[in-house]
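From first to last, the protein sequence lines are chains A and B.
Residue 1482 is where the first sequence starts when you use our numbering, and the numbers rise one by one after that.
Residue 1482 is where the second sequence starts when you use our numbering, and the numbers rise one by one after that.
Accuracy of the hints is not assured; some may be wrong.
What the hints assert, rightly or not - Okay, derived cross-link-like pairs now, DSSO-like style, lysine-lysine, Cα gap no bigger than 30 Å in a straight line:
no.	chain 1	residue 1	chain 2	residue 2
1	B	K1628	A	K1628
2	A	K1554	B	K1554
3	A	K1628	B	K1554
4	A	K1521	B	K1628
5	A	K1628	B	K1521
6	A	K1521	B	K1554
7	B	K1521	A	K1554
8	B	K1628	A	K1554
What the hints contain is simulated information worked out from the structure, not anything from laboratory work.
2 protein chains.
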Amino acid sequence: MGQLFTLACPVPLPATERVLLGHGSGGRLSADLLRDVFFKAFRSPILAQLEDQATLDVGGARLAFTTDSFVVKPLFFRGGNIGSLSVHGTVNDLAMGGAQPLYLSAGFIIEEGFEFTALRAITEAMGEAARCAGVDIVTGDTKVVEKGSGDGVFINTTGIGLVPPGLNLSAANARPGDHILLSGTLGDHGITILSEREGIGFDSLLESDSAALHTLVRDMLAVSMRIRCFRDPTRGGLASTLNEIAGRSGVGMTLSEVDIPVREEVRGACEMLGLDPLYVANEGKLVAIVPPEDSEAVLEAMLCHPLGANSARIGVVTEAHPGMVVIRTTFGTSRIVDMLAGDQLPRIC
Amino acid sequence: MGQLFTLACPVPLPATERVLLGHGSGGRLSADLLRDVFFKAFRSPILAQLEDQATLDVGGARLAFTTDSFVVKPLFFRGGNIGSLSVHGTVNDLAMGGAQPLYLSAGFIIEEGFEFTALRAITEAMGEAARCAGVDIVTGDTKVVEKGSGDGVFINTTGIGLVPPGLNLSAANARPGDHILLSGTLGDHGITILSEREGIGFDSLLESDSAALHTLVRDMLAVSMRIRCFRDPTRGGLASTLNEIAGRSGVGMTLSEVDIPVREEVRGACEMLGLDPLYVANEGKLVAIVPPEDSEAVLEAMLCHPLGANSARIGVVTEAHPGMVVIRTTFGTSRIVDMLAGDQLPRIC
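Work the whole structure out from these sequences, hints included.
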């Protein structure tokens, strides 16, 4: 209802003089911050393309370049820690541009008094994740701030990848008739973090899906070089990701709720907490927009990959309702799926 | 005395289970952290080269790649703010590798409640500094943490530059007989920050030297491609920088105190506060190790550049006392200049 109202009668967001937690949510407030502050100040046409990575021509090479800071809380969670997450997150942003991830930088902001045993565990997970993903952490920096001026450790990773020739991936490429493919269950990461942070024991084996997706992307591109774009639905969830693509491409999207894979534990937790899995963060899932003629082969390639075993076709791109994502619910009704408006789950990554 | 003792009779640093402010100082504790935690975990031979930037061959291009997080306090200071500093710092790390700086990423960690007016001022200074330095901020990320979990804003910038062919710069290249050239006065940045932070009004016009040094490097390389290496003496100051080069090259160094340019205000503040300008951070100065036959021409080029007007030859590389930096004081005595041991000025950049 609220979402329908927002779309039907757009009113400006309440003016704020100060940064809110929601400005880091990956939803509408984040987009406002990007547009109103960063784009204006930096004036970079490449930045304004709003891809998850910049594509640059440097000395004859076509590079992908992307950055992410990690402030996840708690630092350790089922399925990973801030170290492994910081590698997976940036590797995935490179992979979503079709790039082969090559090199990472690592910047640490550590709070005075942080325990070395924890720092060692985090950096070792980071090194291990990097080696598994075939990337090398080649440059780094460490700052220490006084107790109370940070929160344990924050990590920035920035990555360089090599984009193969002939690729033209962009969130602006979706066309009516395209299929929307999702590589697995929604919400595993977000619900795991929330459950550990709030001390809600969901009494399950649910863990973060944090993983490096570049080999999944490689296997998908091996069967179709015509894939329109890849995105990993992290902060803001699948809903925000698809809204962004729909907006950039000037197309509509219709999803089929029954086809969207969600684990029982996640569904139960979401119901209990009043959350919608479409808005919950993932760290090891991708969504791809694929021309219909290649959709079957691409889905097959996804299902054959260990990280795509629960892949599904979850919807189609439409000419109708451009810029808008609509879902057919399991009850046979339809509702609009807007971009995340406020601040659902802070410090999820 | 304490420094002499440390060198004459090296004892292990006191074991610590927790990260101290000094681990971020750029001195000996930072080096320990790098060696004991990060190198072991990441196992990257490129990282272990200990240059200020990684040099990478990617798709036929020779790239420089470097990262820095900025936590300076206060955020605004005479001569700049955290935004301009975050551009200059990373541009300079690229420049010290002889690279032409091309692209930056920007990662923000903002504390909830931070004022938009301040964020706008910071990002505008950042954009302006980038445009002046000819670099483009092409990718970014913003995270927001709860009030009390950060301190205003922290910024990570990571840079890509292009290394021209034929360059072989390394801190391991210094040879006996080489001259040590410094591009201007020491300590301006550190003393400015300290003075503003502690509310000590030194009643002067002293301001941070924060500046992009890539055109100075370019002008120096134009007269000699045989320069051994460049370094910008930031955290840990000139003393730590020269100790690092002496150690890496297995050479000694002898400095002449009378030849080292220090502003009267900085000298006075240092005397009052018990600081040594050799350990105070700079953000717009470089030191170069230059073969003696090219030294005159390189110094001339430095003096002709607006950022090198106070350049001087401050010492020589020696075969004697390898790994050790010695200074001839204005009183005619000699003393050993060790790497910064503890934690002189936290959050200086």
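Problem - Restraint status (C-alpha distance of K1628 of chain A to K1554 of chain B at most 30 Å) - result: holds, 14 Å
Exercise for the section: Below or equal to 30 Å on CA atoms is what counts here, so check K1554 of chain A against K1554 of chain B. Expected result: Roughly 25 Å between the alpha carbons, so the hint for K1554 of chain A and K1554 of chain B holds.
Problem - Given hint K1554 of chain A paired with K1628 of chain B - CA-CA distance at most 30 Å - result: holds, 14 Å
Handout entry: Given pair status - K1628 of chain A, K1628 of chain B, alpha carbons within 30 Å
Key = Status holds; Cα separation ~14 Å.
Problem - Restraint check for K1628 of chain A with K1521 of chain B, where alpha carbons must lie at most 30 Å apart - result: holds, 26 Å
Problem - Pair hint K1521 of chain A and K1554 of chain B, alpha-carbon separation not exceeding 30 Å - result: Holds, because 25 Å separates the two Cα atoms, which is no more than 30 Å.
Exercise for the section: Would you check the hint for K1521 of chain A and K1628 of chain B, treating anything up to 30 Å between C-alpha atoms as holding? Expected result: holds, 26 Å
Handout entry: Hinted pair K1521 of chain B and K1554 of chain A, Cα distance within 30 Å
Key = holds, 25 Å
The structure agrees with every numbered hint stated previously.
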